[in-house]
Amino acid sequence: MEFRLLETGFNDSFSNMAIDTAINTLHKPENPPTVRFYGWAPSAVSIGYFQSLKEEVEDEKCREKGIDVVRRLTGGGAVFHEKELTYSFVCSEKSELVSKNILESYKKICNSLVLGFKHLNLKASFVPLNDIVVKNQKISGNAQTRRNNNVLQHGTVLMEVDVDKMFSLLLVPDEKIKGKLIETVKQRVTSINNQLNRKVEFSEVSKAMKKGFEENFNAELIKGELTAEEAKLAEKIKKEKFSQKGWNYKR
Amino acid sequence: MIGKSVYKIPEGKLVKISLDFKEEKINFVRITGDFFLHPENGLELIEQELKGTELEKESIIQSIQKTVEKNSLDLFGLNPKGIADAILKAKGD
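Protein sequences, first through last, are from chains P and S. Okay, so the first sequence: first residue is 1 according to this note's numbering, each after it adds one. Okay, so the second sequence: first residue is 252 according to this note's numbering, each after it adds one.
Honestly, I wouldn't trust all of these hints.
What the hints assert, rightly or not - Looking from chain P toward chain S, a few residues come up when the C-beta cut is under 10 Å (computed):
1) 51
2) 52
3) 56
4) 73
5) 77
6) 102
7) 103
8) 126
9) 144
10) 145
11) 147
12) 173
13) 179
14) 202
15) 204
Rather than coming from a laboratory, the hints here were simulated on the basis of the structure. Glycine included, C-beta positions come from ideal geometry on N, C-alpha and C.
The following block holds chain S by itself, in its conformation from the complex (with noise of 0.2 Å):
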């Protein structure tokens, strides 16, 4: 299944979000908009560390908490929560 969002973080930018899930996991994800993460590639790291989770809030979030965290990321204008909240919004919740 294939979906698509746009989503305005609160307090943050508009993220745009392009899914591929399948049986309530995440087989591709991409993560565009006008924020600012620091390195750079670390939105790459972020993006395949999310390759076969479950499209479930919380895990979402620790996905995403582990990856940051791993590689000490700076984000400015998105955080975990609101790229969750986004991710479900592609996958129609």
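So that you can see chain P by itself, here it is in the shape it has in the complex (with noise of 0.2 Å):
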């Protein structure tokens, strides 16, 4: 089985979301499903579909800071986005690939990056509903949606993580424990170059999460690239949609 392989590149929020959305709408069930491979310029937060953004971000500070700030597709928390690798994987809901049971599907395509991280010597597992673990430590936050009767899920991989940085640019709900919440979420996360102590380029972590996706679903990524009728689409909803204070400021 044939799988199309995307890597855009770093690209701004905005335009991030639109490409993942894009590819979502346009998708039919003939297609070979998606594997793409992003990061983000500039750094980012996305918050969760369901979360309010003057609730959850320092909206001021990115702004200040050249931060975008942007409402993900995908429910979930908000995210800083910075040195790590975005995946986005997109097939069709009536796909023998992937399990109606939402849970299920979850484990499927994450166990894509459980195997990517094996080709980078580490040992992850897949912890429900929608993290990946190295020693306990969150190393990758994934996150699903279903829309156009299509899955597409997309999640981070982190390459280095600055926890101070993050909270800075978050809001939190009890600013007195600030300080004991960034020491816990200190302990909760890793990241790539953490756990290898050395520092890993995007190149290396991409070719390790594509034999992953291979390997995971008997298939072979064959690298292409956006359809115009993809980049046209995703064009308009980053100018409709996702650059949009109507849509970032929604809830």
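Two chains, each in its own frame: build the complex with the hints.
Spelled out as structure tokens, the structure:
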């Protein structure tokens, strides 16, 4: 079986979310599933579909620092995207590749990453609903939505993590315990660089994850491009949705 | 009357509520948080259905349950009882 592999490089947050959305919108059951690897430039905070931007993000501070803020199509929490590889996976909901059951499908898709981490000499495991951990510390967060009869799952693979910087951009419910919260998160989150004690390149991680997806789905990932239709729709969605205050501040 | 709450659902996620109510009935409620709900438009359906519902635990749970069942919603990190407790906390109970 062949999948399409998209390596779209580093883009701003609005483009990144618009590209995932366009792929998911136009995917047909007869098309090969798509795996996309990407990064964020500038760095960005993404918030979950059900979160309130005003309640979660220091949006003024982000603006001052040139950090994008965007609402995702998917649920879950706020994420600071900086030194990471982000992936997205799109297939038809009817596909036998993933279960109708949401928990099962998270497990299946996340197993691609678990296998990918193996190629980086890291022993990772899936923790329901949507995390991947190494030595009990989170190294990847994932989120899924099902729209247009397709499954879209995207997630992070942390190459390096800066918890202090992340919390300087996020609001917490109780300022008094922010320090304590930061310490807890530092103990619970890790990164590839941390675990390997060296700096990995984006390309090294994407190669490992490519192998992980291939092994997990017994498929070959063939490098492709966005179709003209996808690129055009992504531009439109970026302009009309993800870059709009009406979308980002909608809750 | 307006109320707000932040409530950690036992075994679940942190839910934030903005509530507007009058004479013990919900005028408007907004539920936010880092949970998952499929399909996503289901949350707005839950919020709409809650309008006019009495601010009483069983009535709120029933209203949410009805929307969840009618629309086959899948909830992760939240549940009708948890949402009801969060709403009642916003009311000041």
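Going through the hints against the structure:
no. : hint : in the structure
1   : 51   : 6 Å, holds
2   : 52   : 4 Å, holds
3   : 56   : 8 Å, holds
4   : 73   : 8 Å, holds
5   : 77   : 3 Å, holds
6   : 102  : 6 Å, holds
7   : 103  : 8 Å, holds
8   : 126  : 15 Å, violated
9   : 144  : 8 Å, holds
10  : 145  : 6 Å, holds
11  : 147  : 7 Å, holds
12  : 173  : 5 Å, holds
13  : 179  : 18 Å, violated
14  : 202  : 27 Å, violated
15  : 204  : 31 Å, violated
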